[in-house]
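J.: Work out the full structure, taking the sequences as your base and the hints as a guide.
Number of protein chains: 2
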Amino acid sequence: MGSAAGDGDRQYAMHHGSAAADQRVNLAARRPFVEALRSGLAETFFPDDPFRGFGALPPAKRAWGALKYFVPALEWAPQYGLGKFKYDLLAGITIASLAIPQGISYARLANLPPIIGLYSSFVPPLLYAVFGSSNNLAVGTVAAASLMLASIVEDEVNPDDNPELYLRLFYTSAFFTGIFQTALGVFRLGLIVDFLSRSTITGFMGGTAMIIIMQQLKGMLGMKHFTPKTDVISVVGSIFRYRHEWKWQSAILGICFVLFLLSSKHLRKKMPNLFWVSAIAPFMVVIIGGVFAFLVKGDEHGIPIVGDLKKGLNPLSISQLTFEAKHVEIAVKAGLMSGILALAEGIAVGRSLAMIKNEQIDGNKEMIAFGMMNIIGSFTSCYLTTGPFSKSAVNFHAGCKTPMSNVVMSVCIMLVLLFLAPLFKYTPLVALSSIIVVAMIGLIKVKEFIHLYKIDKFDFCICMVAFLGVVFFTMVIGLSASVGLSVLRTLLYVARPATCKLGSIAGTEIFRDVKQYPYAKSFLNILVLQLGSPIYFINAGYLRERILRWVEDEENICKVHGQDLQHLILDLGGVTSIDNTGIGMLVEIHKSLDRKGIRIVLANPRLQVTEKLVLSGYIKDTVGEESVFLTVKDAIASCRYALQTSRSKEGESEV
Amino acid sequence: MGSAAGDGDRQYAMHHGSAAADQRVNLAARRPFVEALRSGLAETFFPDDPFRGFGALPPAKRAWGALKYFVPALEWAPQYGLGKFKYDLLAGITIASLAIPQGISYARLANLPPIIGLYSSFVPPLLYAVFGSSNNLAVGTVAAASLMLASIVEDEVNPDDNPELYLRLFYTSAFFTGIFQTALGVFRLGLIVDFLSRSTITGFMGGTAMIIIMQQLKGMLGMKHFTPKTDVISVVGSIFRYRHEWKWQSAILGICFVLFLLSSKHLRKKMPNLFWVSAIAPFMVVIIGGVFAFLVKGDEHGIPIVGDLKKGLNPLSISQLTFEAKHVEIAVKAGLMSGILALAEGIAVGRSLAMIKNEQIDGNKEMIAFGMMNIIGSFTSCYLTTGPFSKSAVNFHAGCKTPMSNVVMSVCIMLVLLFLAPLFKYTPLVALSSIIVVAMIGLIKVKEFIHLYKIDKFDFCICMVAFLGVVFFTMVIGLSASVGLSVLRTLLYVARPATCKLGSIAGTEIFRDVKQYPYAKSFLNILVLQLGSPIYFINAGYLRERILRWVEDEENICKVHGQDLQHLILDLGGVTSIDNTGIGMLVEIHKSLDRKGIRIVLANPRLQVTEKLVLSGYIKDTVGEESVFLTVKDAIASCRYALQTSRSKEGESEV
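Chains as they are written, first to last, in the numbering used here: chain A, 1 to 655; chain B, 1 to 655.
Some hints could be false.
Derived pair list, reagent style DSSO-like, types lysine-lysine, alpha-carbon separation capped at 27 Å [claimed, not checked]:
{"id": "1", "chain 1": "B", "residue 1": "633", "chain 2": "A", "residue 2": "633"}
{"id": "2", "chain 1": "A", "residue 1": "447", "chain 2": "B", "residue 2": "620"}
{"id": "3", "chain 1": "A", "residue 1": "357", "chain 2": "B", "residue 2": "596"}
{"id": "4", "chain 1": "B", "residue 1": "515", "chain 2": "A", "residue 2": "633"}
{"id": "5", "chain 1": "B", "residue 1": "457", "chain 2": "A", "residue 2": "401"}
{"id": "6", "chain 1": "A", "residue 1": "559", "chain 2": "B", "residue 2": "68"}
{"id": "7", "chain 1": "A", "residue 1": "515", "chain 2": "B", "residue 2": "68"}
The set of hints was computed from the structure by calculation and includes no laboratory data.
T.: The structure is reproduced here in structure tokens:
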């Protein structure tokens, strides 16, 4: 039984030449330019290789496969049945009960008429059900992007002075968001989202949650005047400047709601089966608050209410998009910034939920789905939507099976729009504020901050820059500074690749970093360096200095033993890429060392590097093919052999 | 004799524990935060570690050493003697003969009064002799930076309308260049220069040489009107627009001069000992041209001349620096852009000449020297200077030994300024144009372009963007676009790190990329992946997709053999850095695979990576310490053992 694996290995074995040839670096392995380019482009833009396995199919099936690829609904709809619908129905109703208060709240956060929030929960979910690839995502508006849109658009238009233009800019920016997201998906540029690191998102979300909570003090205290700025200092200043507007009735109601919502959340943590209690709690708050405000005539007694909500489905808004030169710039800016943010949230949420169920979701497909949602949304009185974390998590826990739960939610919202909208007129603003506050508290992840601080100080800085930037300046500044710092870190990484000296671990042929394994032995007359990757123009100057310093240090050590350094072995096993400046650097090092009588030996260059070293003539003309070895062990053996030969010659001539 | 190396090895051996412990990954190797930070900062900013070996010295010697570090003249001056002076004297006179025509020509290229070019060859070389660390560099003005300065300053001030302000902006920008260069040197930010890759410089220099040659058509044809723009289309248009100004006398003289200069260059290539012929040829052209113009009264017969040159040394210009808000911005821009360019040229030239003599030069020290040259220069009527390639190469070939040759040149220029300046009045402009044209022809390195095209298409693109950008747009656009593309390439490299599947090379314990070594055997039930470096936020999403795809592909292969994939070995030997998002990605992969019953095993994590994996709890809580191995071989052995055990258990239960 035990030899099965061994037999398997032999089955796997492909053709192989003589053992001696096998143990040399394969200098002939060179991909033709077109193949190298094709594989490079494929890895860059199609890392998931969506059409693999298509080649063998007949054209009709292939076309059907491609259509299914672009319209995932065709994948699940044919197998859809009552069994799954039961689950989706329950999940859809649950998220609809969350969508109503959240839609109204976030629309108010963006200084939009509350009804826009409901409109935005009707059309986009239907589109996602057709184009989306995640079974768990629930579509809706999000707090962070709503506030960011408001803060950008308010720079140009005051929502109180010109509410109509303000709203039109929201539609227009949603249109640009859609175009941008679709384009990213079609051109497979999903990697832009990768520029938002986990640390950036943690910090940004925490900071945004913080300022959103601060903003809610307006609603909690029933104030009318407030600063349009989002930073903490302006907000706190504004709260105290208008302290005569504070309304204690509103505040008391607010505290009650917050406590109720927090305890429902706590319940869910203790008893995960009762998740639906916390899921419908916001809806309960809206209902109870509305009834209460209606009974006590809240708006006359210090409890401001939402006000009139029109009955009826989304009106068309395509004619309201504005492309005038003087406004279009701000709409594009708002669209791109909030679009990236919305994508990052939607894709991250989709991925993490898919992972729990062990499903796959395709980032590029998701982008196209989000893009369609926002383009069509902008034509039908919706503003920016994506897959918010809170709603999707509820959807997931409610047991959704397919995007059908979004359709159910959409139908519920439709019914509300058609028949029940006016009933929400009495919703107290403080109820909405409480819902937002409680939703946001969970986003300030103090534990994650501490975790980052412990593991990686640089990541902690990136996170804090985002957090503090958002809290004390603006959301755009916080986000950009944090991304800038992340990119700088990446460039610094490339600028200073790790190099280390290798020694052999006692009694073995294993060669490892002498710093990491202090008991690894170095070699007399031979220095083995492992180079980090890549060898690029940014680090060529550094690497030259660093390698020459390693050599100098080693020469000093050798001198103590009355010996000379004679061989430098460069272990290229970890180097995956080299450019023209890098090759030039290797040539320069060769010249420098040649003059000192030190020979350069290369060990284990990888495919892309070997290709270029061969093409540039470095291997043939500079170091010589006989100085390239498959392993460090072979390289050392060769150096030792050379040392012995030269010594015995010296010995002979001395005799 | 043969065992000497072996004995040496044993002497090198440090303490070592039991063999078993030695062959495990050293999970305890963790640097305290302060040490890790210190070593990180030291590698980033002090890669050459200038003060090493100082620790053991007494304070007085240490101070003297530090002073010598900042003033390299103290290093060579005490040992200076007549023996070296002979060489430096000859070299100094030779470069002075080149400095006069070049100084005047490049000043004209920048639309400055010709005398400024001579001033700039007097003061800065003296300063370089004190602060410079290269023995070969000859200081002077450079063509590319002169033209770039002119093209930036002309955007703001027309040199014909307001020559005084134009000149003052040149002084001011030289001042800012100096401050900037000194700051870079002091804060050891030399790595900024590393952003100019060899490909960028090749393309930029070629493009600049091309447009400078085009510019010289003005002088060659004796024209008066010309476009201030530098791009080829404007220049050619301008030449034909003013074709009535063409002067055949000037053109004939120009062609003669160019042919003379080219043949002197050709002579040098054939007989390297006659280098001085080509070195003084430009001076000869100036003399012959001047005498000729004087005799035939050239300025009245279609051969424009330089015109009056005042006798006397550099006047002070410190009071002419202008810091008015409306001009300072352009001066800063011009100073920074041309400063980076001048640094790149100066340092590259210094390095390549030092390499031939096997000397060391220190980039940061050089920056401080250049900075001092430009600050003091801006106070004494000089504009931007650096170490130009042509002059330094002549200096080198003339046998200079120390920076004293710069002093000799400076003294020669001083004598010219004091006594001979008026004699250069009759220098025909066409002589200067010929000198520039011939100097520039050598900078268009067609062979290098072809070489780049063969080795690396991306590098070729970077080069061509610089070349075409300079030729068809502006120098700033060409340079920025090319640097932008280089940085994008670096980010793309990080975004898509290479991953490959490893197989064992027949009959050995060597594990290599199966694509590079097609005869390497894969393993049944076990997939070995080698990951590229670093694992960062930019590539975490990609790596997750890619690894899961490798796993899926391998599962399909296993299925064909009726087997399951049971182990995934990640060879981390090439990964030198990981961030928080990267660790999160590894956790996610673990979750995904865990559900499929595939176990993750790590092989050979390096120091920085091990530190973080341990700190984040990944090793302990996620994969388990027993799944981390020093080598791929050990990892495979462990996986095989696990396979055997589970199979024999299955076998037992079947029985």
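J.: Output the indices of the hints that this structure fails to meet, ascending.
T.: 5 and 7
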